[in-house]
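Trainee: Spelled out, the chains give:
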Amino acid sequence: MGSVSLKNVSKSFGSVKVIHDVSLEIDEGEFCVLIGPSGSGKSTLLRIIAGLEDVSSGNISIGKRHVTDLPPKQRDIAMVFQTYALYPQMTVRENMGFALKLAGLPKAQINTKVTEVARMLELDQLLERLPKELSGGQRQRVSMGRAIVRNPSVFLFDEPLSNLDAKLRVQVRGEIADLHRRLQTTSVYVTHDQVEAMTLGQKIVVLKDGRVEQVGKPLELYDDPVNTFVASFLGTPTINLIEAEVTGLGDACAARLPDGTLTPLGQSNGCTTGQKILFGIRPEHARLSLEDQPGAIRARIHAVENTGSDMVVFNDAEGFRITSAFKEQRTLEPGASVSILPDPAKIRIFDAATGKRIRRSEDA
Amino acid sequence: MKTTFPQKLARGAVYALLLIVFCGPFWGILATAFSKTTVQPGQLLLWPDQPTLDHFIYAWTEVKAWIYLFNSLLVVAIGTVLQTTVSALAAYALARKKFRGAAFISLAILSTMMLPDEVISIPLYLILHQKIPLLGVSIYNSYAALILPLVGWAFSVFLLTEFMKAVPRDLEDAARVDGANEIQIFLKVIVPLVKPALGTTTIFGFLMIWDQYLLPLIAVDDRSLYTIPVVLRSLRVDEIMQQNIFIAVTVIATVPCIVVYLLLQKQFNRGLMSGAVKG
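Protein chains in written order, with the UniProt record's numbering: chain A, 1 to 364; chain B, 1 to 279.
In short, the hints are calculated from the structure, not lab data.
Backbone N, C-alpha and C fix where the C-beta goes; we use that ideal spot for every residue, glycine too.
Some clues are possibly wrong.
Here are a few chain B residues that sit away from chain A, every Cβ distance over 10 Å (derived from the structure) [what the hints assert, rightly or not]:
1. 60
2. 177
3. 179
4. 180
5. 189
6. 193
7. 265
Keeping only pairs whose Cα atoms sit at most 20 Å apart, straight-line, the calculated EDC-like set for lysine to aspartate or glutamate is [to be verified]:
8. B:97 x A:21
9. B:188 x A:25
10. B:98 x A:53
11. A:73 x B:222
12. A:132 x B:172
13. A:73 x B:54
14. A:132 x B:182
15. A:208 x A:224
16. A:101 x B:238
17. A:203 x A:25
18. B:97 x A:94
19. B:188 x A:224
20. A:73 x B:182
21. B:195 x A:94
22. B:98 x A:54
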């Protein structure tokens, strides 16, 4: 097992720089998720760790070894691919034993290891089948088995669930989590799915345009985003970001929303009146009520989505939209007048120009 | 849908016509080769007359067709193996590797397809006569002269390149992570996946080498190195040679092609089909 350390890693393809000076520490045994929209460089970063892409500058270490210039086979890593990448002409057994065979292990030993891992992943009945005779979920398990058999220092997962249907995805996600609990192998996992990131990751790295936006534990990122990108990338339904202006309210500050509503920001340590901000509140922290409440945003229901376990209500206020989400089942019809009250402790404000978080004294 | 009798009849007629057009000449050749009755050049018997093996025995012992058959088989065996190997390696580089000048090399290989053999015959003749440095001899008048010019064949390079491009890159990456080196990736991942295409290029390569006529004429003048097509031609213009014997040698020349086709028929059709579907 080993930690993974990236120091000032940059990567260019020709004149296009895709990774900008990324530094990252992944502890031994940690499950680290790289998340970002397509083109954010997360897969490239994973391939750099794997040794499938070389770096333009910077250093990579796995465990205590510098591996920057080493080929993949000397890095002691195993990778699970989005497309599974099983060798079509080989049986499950041959696929799983391929790396061991290349390493020159005796046949008997390969067989023992493959059988052991196959049993662990419940693949023992499928060992003589070809990949084309397996379902998507089984293929994914074989490709994980192929990685586990080698007992590497680090597992690399490149969007391993994106080719599975929704139900299977949840199941395999659970299997991956179980596996990590059992093996405690350092894992780096790339995904664009924030649910996967939140449920699997012990550490999440949010990437955008080849730069690290924020690194932290899942809830840290969710509750304490450093900018609007991270705030809106994590969380479904996505956070409400409303253009507003800071104004004084007695001896405290408030945000003046486009409809004129004044929402107290606290900010006992002073505020810049007139500053343009983005007023952020997560839907589950925007309490919806059918009765009029003092200081609440008045709005009209635009649409209601009910999944049975959750209700998401999209509301039109004057000059902006605001989403509210809650667990309890209520009878709500589009067109109804509602009032929405943001939970003052959960308000997050961002600079309108830069998108950067403005920390209130209450946030700490 | 049910086919009516006239439809069946029409279809049968078309099949019969195709059968006559394609199999007729074969039948005529066989009938003539096994008949005692002699024919004039350009004539074929439609039915065996006084069946005999005499022409074959004569072709084998007097014309010594076995020498030329051996030459042809040797050249085609070594040539096909070398050609397929070189094509597969070249295709791997062109399909999977990024290197400076790749586009130019592709174009250069492609351009060799535009040149008819006749155009390059004089340069080729001169090259074959070139003395090899250090050895001080040329390959002219040797098996090497019959084989080496055929080893690089643009058609098979391009067919294999297209097939190798279709192999997902993830497989190559997976093999690399699994610890495979370049040669292992080529042999254990890429080659098994393009087997149908390799079957196709092998058969086409076999036929292409088997049919060579101009090259042996240029490459050797020692009759003992002649291949079957060259000998056929010389028998054709030999005025005292009996036509039936010429035809018997023709039959001998055809047999290996038919055997190879029957052996690799499945691969052949699959290769053609997959090429067609890929467009």
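Trainee: Take the hints in turn and mark each one as holding or not.
Mentor: To see whether the hints hold, each was checked on the structure:
1. No Cβ of chain A approaches the Cβ of residue 60 of chain B within 10 Å, the least distance being about 44 Å, so the stated non-interface status holds.
2. A beta-carbon of chain A comes within 10 Å of the beta-carbon of residue 177 of chain B; the shortest separation is about 5 Å.
3. Annotated as non-interface, residue 179 of chain B brings its C-beta within 10 Å of a C-beta of chain A; the closest such distance is 4 Å.
4. Listed as a non-interface residue, residue 180 of chain B fails to keep its Cβ farther than 10 Å from every Cβ of chain A; the least gap is roughly 6 Å.
5. At roughly 6 Å from the closest C-beta of chain A, the C-beta of residue 189 of chain B falls inside 10 Å, breaking its exclusion from the interface.
6. In this structure residue 193 of chain B is not separated from chain A by more than 10 Å, as the shortest Cβ-Cβ distance comes to only about 7 Å.
7. Once the 10 Å rule is applied to beta carbons, residue 265 of chain B is consistent with being away from chain A; the minimum gap is 21 Å.
8. Only pairs whose Cα atoms come within 20 Å are accepted, and residue 97 of chain B paired with residue 21 of chain A is rejected, the gap being roughly 28 Å.
9. Among the hinted pairs, residue 188 of chain B with residue 25 of chain A is inconsistent with the structure: their alpha-carbon atoms are about 36 Å apart, more than 20 Å.
10. Simply put, residue 98 of chain B and residue 53 of chain A have alpha-carbon atoms about 13 Å apart, close enough for the 20 Å limit, and the pair holds.
11. Annotation: proposed proximity of residue 73 of chain A to residue 222 of chain B is violated, straight-line Cα distance about 54 Å (limit 20 Å).
12. The hinted pair formed by residue 132 of chain A and residue 172 of chain B meets the criterion: a straight-line CA distance of about 18 Å does not exceed 20 Å.
13. This hinted pair does not check out: residue 73 of chain A and residue 54 of chain B have alpha carbons roughly 67 Å apart, beyond 20 Å.
14. For the hint linking residue 132 of chain A to residue 182 of chain B, the alpha-carbon distance of about 26 Å lies beyond 20 Å, and the restraint is violated.
15. Of the pairs offered as hints, the one joining residue 208 of chain A and residue 224 of chain A holds, with about 18 Å between alpha carbons and a cut-off of 20 Å not exceeded.
16. Proximity of residue 101 of chain A to residue 238 of chain B is assessed by CA-CA distance (about 62 Å); at most 20 Å being required, the pair is judged violated.
17. Between residue 203 of chain A and residue 25 of chain A the CA atoms are separated by roughly 10 Å; this keeps the pair inside 20 Å, and the hint holds.
18. Restraint check for residue 97 of chain B and residue 94 of chain A: not satisfied, since their Cα atoms lie roughly 27 Å apart, outside the 20 Å limit.
19. Taking the CA atoms of residue 188 of chain B and residue 224 of chain A, the gap is near 50 Å; set against the 20 Å cutoff, the hint is violated.
20. A hinted pair counts as satisfied when its Cα atoms are at most 20 Å apart, and residue 73 of chain A with residue 182 of chain B qualifies at roughly 12 Å.
21. Restraint check for residue 195 of chain B and residue 94 of chain A: satisfied, since their Cα atoms lie roughly 19 Å apart, inside the 20 Å limit.
22. A distance of roughly 14 Å separates the Cα atoms of residue 98 of chain B and residue 54 of chain A; the hinted pair therefore holds under the 20 Å criterion.
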